[in-house]
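**Q** Work the whole structure out from these sequences, hints included.
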Amino acid sequence: MGTVAAWALLLLLLEACTVTPKGNARYAGPDWTSYAGDDSKSRYSTLTQINKQNVSQLKLAWTYRSGDISEKPISTIECNPLAINGVLYATTPTLHLVALDAATGKELWRFKPLPDALLKELREKEKINIQPGYNYWVNRGVTYWAKGKDKRIYYSAGIYLFCVDARTGQLLTNFGDQGRIDLRQGLDRDITGMHYNSTTPGVIYQNHLIMGSTVGEGPDAAAPGFVRAFDIHTGKLNWVFRTIPRAGEFGAETWENNSWKIAGGVNAWGGMSLDQQRGMVFLATGSPAWDFYGADRPGQNLFGNCVIALNAATGERIWHYQIIHHDIWDKDLPCPPNLVTVTHNGRKIDAVAQVAKTGYVYVFNRSTGEPLFPIEEVPVPASEVPGEKAWPTQPIPIKPAPFARQGLTEKDLTQLNPEAQQYAREVFRKSTSGGQFTPISSQGTLIMPGLLGGANWSGASFDPETSYLYINANELPSLITLAPNEKVKPYSYRHTGYNRFWDPAGYPAITPPWGTLTAINLNTGDFAWQVPLGEFDELTKKGIPPTGAPNLGGTLVTKGGLVFIASTKDEKFRAFDKATGKVLWEVTLPAGGYASPSTYEVNGKQYVVIAAGGGGKMATKPGDYYLAFALP
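The C-terminal position of the sequence shown is numbered 636 in the working numbering, with every residue numbered one higher than the one before it.
Bear in mind the hints are in silico, worked out from the structure with no lab data behind them.
It should be emphasised that the depicted structure is a prediction, and the values quoted were computed from it without experimental measurement.
Mixed in with the good hints there might be a few duds.
FRET-style restraints, in silico, Cβ to Cβ [what the hints assert, rightly or not]: (1) E111 x E388: 19 to 25 Å; (2) Q447 x G222: 17 to 23 Å; (3) A251 x L122: 47 to 53 Å; (4) L241 x K546: 35 to 41 Å; (5) R250 x L122: 44 to 50 Å; (6) R429 x T50: 50 to 56 Å; (7) T172 x Q447: 55 to 61 Å.
Taking lysine to aspartate or glutamate and the EDC-like style, the derived pairs with C-alpha atoms no more than 20 Å apart in a straight line are [said to hold, decoys possible]: (8) K116 x D169; (9) K155 x D120; (10) K124 x D181; (11) K563 x E469; (12) K403 x E430; (13) K76 x D105; (14) K352 x E374; (15) K124 x D192; (16) K393 x D300; (17) K393 x E260; (18) K76 x D120; (19) K240 x D300; (20) K625 x D541; (21) K563 x E605; (22) K56 x E388; (23) K563 x E542; (24) K625 x E542; (25) K240 x D181; (26) K434 x E388; (27) K586 x E605.
Beta carbons: idealized from backbone N, C-alpha and C, even for Gly.
**A** In structure tokens:
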């Protein structure tokens with residue numbers, strides 16, 4: 005019996021013998037100790053001082069400005085800050101790491117990872133031009149580790165992982181090369197000049213810091229998105245899981261014509277979740293590169309677009325489930341799986357819930373990978389692009405129902421005004437459209453959900469009291485067109501841009517909602533509620549009900565009965581009643597809050613903090629703010 009099979013059998017036996025699930029019961033309380041709150045990535049807090057009875061009284065407690073804003077290219081902040089023992093750890097628009105007094109916002113220390121001399125070296129020797137702008141200049145959080153007086157922050161900037169003393173902000177020079185390691189090691193190929201960094205923090209199991217990566221997605225050569233574990237003390241590479249398997253490894257045959265040799269992508273850029281008790285790390289991967297044309301990589305392409313469970317100590321695969329076969333739509337799994345405990349048929353089950361750009365929730369038994377709700381392989385259209393072999397079926401969950409619209413018809417087109425309606429109709433009629441798995445064409449294909457989802461990197465939050473999963477989503481179609489390309493080999497086609505399907509006035513060219521917040525009961529798979537998330541003020545003033553708005557950034561659910569979220573293009577921060585979806589409080593931020601909030605307690609007072617970095621993909625005014633709110 006192979007190692008993977010033996011591991012799976014052991015977990016099955018444990019599952020059968022265990023009445024009470026092992027779970028991951030350590031949720032955030034006075035401190036917010038990890039990205040998304042805990043190892044389960046629940047984004048849940050047990051704090052109750054701020055609750056639905058008094059949240060309307062919430063006031064600004066402090067504001068911090070980092071002073072390193074960039075307008076050209078436009079910067080952003082996507083960091084979910086940590087708050088530990090009265091200190092808040094966060095990153096700035098240009099990836100400085102700062103420690104703040106969590107009660108006042110006063111800066112305690114600052115670490116600048118990429119001084120001018122290092123940036124010059126990267127440009128000249130490594131052919132990497134790091135500047136403010138999306139991807140290279142994005143960080144969604146940091147990883148904290150402590151043992152006795154040894155307290156560390158691990159975080160990445162550019163191609164490096166840094167290890168910083170959490171007390172002083174100084175590099176710990178006994179880690180790696182004077183406090184940093186090059187993240188490009190262990191990739192089986194030279195990726196000099198290729199895009200490579202890590203935007204989302206890793207997780208720690210025993211002495212392993214387990215990391216994903218962000219890689220190129222375009223038609224040039226792309227780095228492979230292997231998952232690696234580094235020693236937390238030395239920076240030494242401990243293990244590698246090849247998300248694009250080599251010859252002789254499981255899944256290599258799904259890359260026909262030995263295309264695994266040149267393929268890139270398949271990266272866990274959205275982060276990971278960890279079951280400490282089982283010793284399992286869970287990740288979700290993106291699409292193979294490049295995104296919209298796969299004639300050079302025929303086959304199913306494992307482990308692209310997969311939920312994967314690994315042995316956290318060794319990196320060995322335990323189980324996987326591929327959510328999209330041979331992705332040619334840029335439908336990355338953009339966020340870490342939520343580790344949840346649900347009740348099915350009267351029995352408690354530890355599970356994994358994955359939200360996706362597709363607008364679906366996929367729920368699996370945590371130990372075995374078996375779906376808890378039926379998933380069917382459904383026939384989808386073939387590609388008409390020469391050389392492209394679209395996979396003939398795709399997995400579609402029967403339950404829960406999709407939380408975002410699936411495909412477009414002419415009935416879905418905007419009705420805001422006659423001019424917008426005529427424009428939308430003209431574009432629709434000259435484009436191909438159908439379900440979201442209609443292959444991209446040379447005449448242009450409307451994709452719904454679009455490239456921002458459905459769900460995106462912010463993922464979902466989970467309430468262990470009710471088993472409700474809270475998901476913010478976009479309802480924004482994309483228009484993607486392929487065109488012949490003879491300059492880049494072996495690719496015969498390129499796409500003409502990441503184009504939105506919006507009307508001339510700047511609104512989505514479909515009927516609202518354009519952004520939603522949804523609560524799904526994972527015990528039953530049924531919707532508890534769904535409401536529009538965000539608005540366009542000028543439309544609301546005309547008497548149009550809130551339409552929902554484009555959104556990037558996550559939710560926070562609390563035992564106090566609340567769901568907090570900023571994320572919307574209208575630059576507001578809101579609190580919802582988690583039972584009903586009713587807005588109980590909102591405030592306008594000085595810049596868009598395209599990040600996930602954290603909550604913590606200092607000296608008996610609960611705070612809710614959000615980064616307001618604006619800019620980014622929303623292209624609103626940039627900011628350099630962290631704002632904390634509390635009761636008077």
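**Q** Sort out whether D541 lies within 20 Å of K625, counting only the CA atoms.
**A** holds (17 Å)
**Q** Does the Cβ-Cβ separation between R250 and L122 fall within 44 to 50 Å?
**A** violated (33 Å)
**Q** Quick check: does the Cβ-Cβ distance between L241 and K546 fall within 35 to 41 Å?
**A** violated (58 Å)
**Q** Using the Cβ atoms, figure out if A251 sits within 47 to 53 Å of L122.
**A** Because 38 Å falls outside the window, the suggested range is violated.
**Q** Can you tell me whether the CB distance of Q447 to G222 sits inside 17 to 23 Å?
**A** This hint holds: roughly 21 Å between Cβ atoms.
**Q** Taking only the CA atoms, is the gap from K56 to E388 under or equal to 20 Å?
**A** violated (54 Å)
**Q** Return holds or violated for the Cβ distance of T172 and Q447 against the range 55 to 61 Å.
**A** holds (59 Å)
**Q** Has the given pair, K563 with E542, been kept, meaning a C-alpha gap of at most 20 Å?
**A** The given pair, whose Cα atoms are some 35 Å apart, is violated under the 20 Å limit.
**Q** Is K124 close enough to D181, meaning Cα to Cα at most 20 Å?
**A** holds (19 Å)
**Q** Is K434 within 20 Å of E388, Cα to Cα?
**A** Given that 20 Å is the threshold and the Cα spacing comes to 16 Å, the pair holds.
**Q** Taking only the CA atoms, is the gap from K393 to E260 under or equal to 20 Å?
**A** holds (11 Å)
**Q** A range of 50 to 56 Å was offered for this pair. Does it hold for the Cβ distance of R429 and T50?
**A** This hint holds: roughly 51 Å between Cβ atoms.
Violated hints for the displayed structure, listed by number in ascending order: 1, 3, 4, 5, 9, 12, 13, 15, 19, 22, 23, 27.
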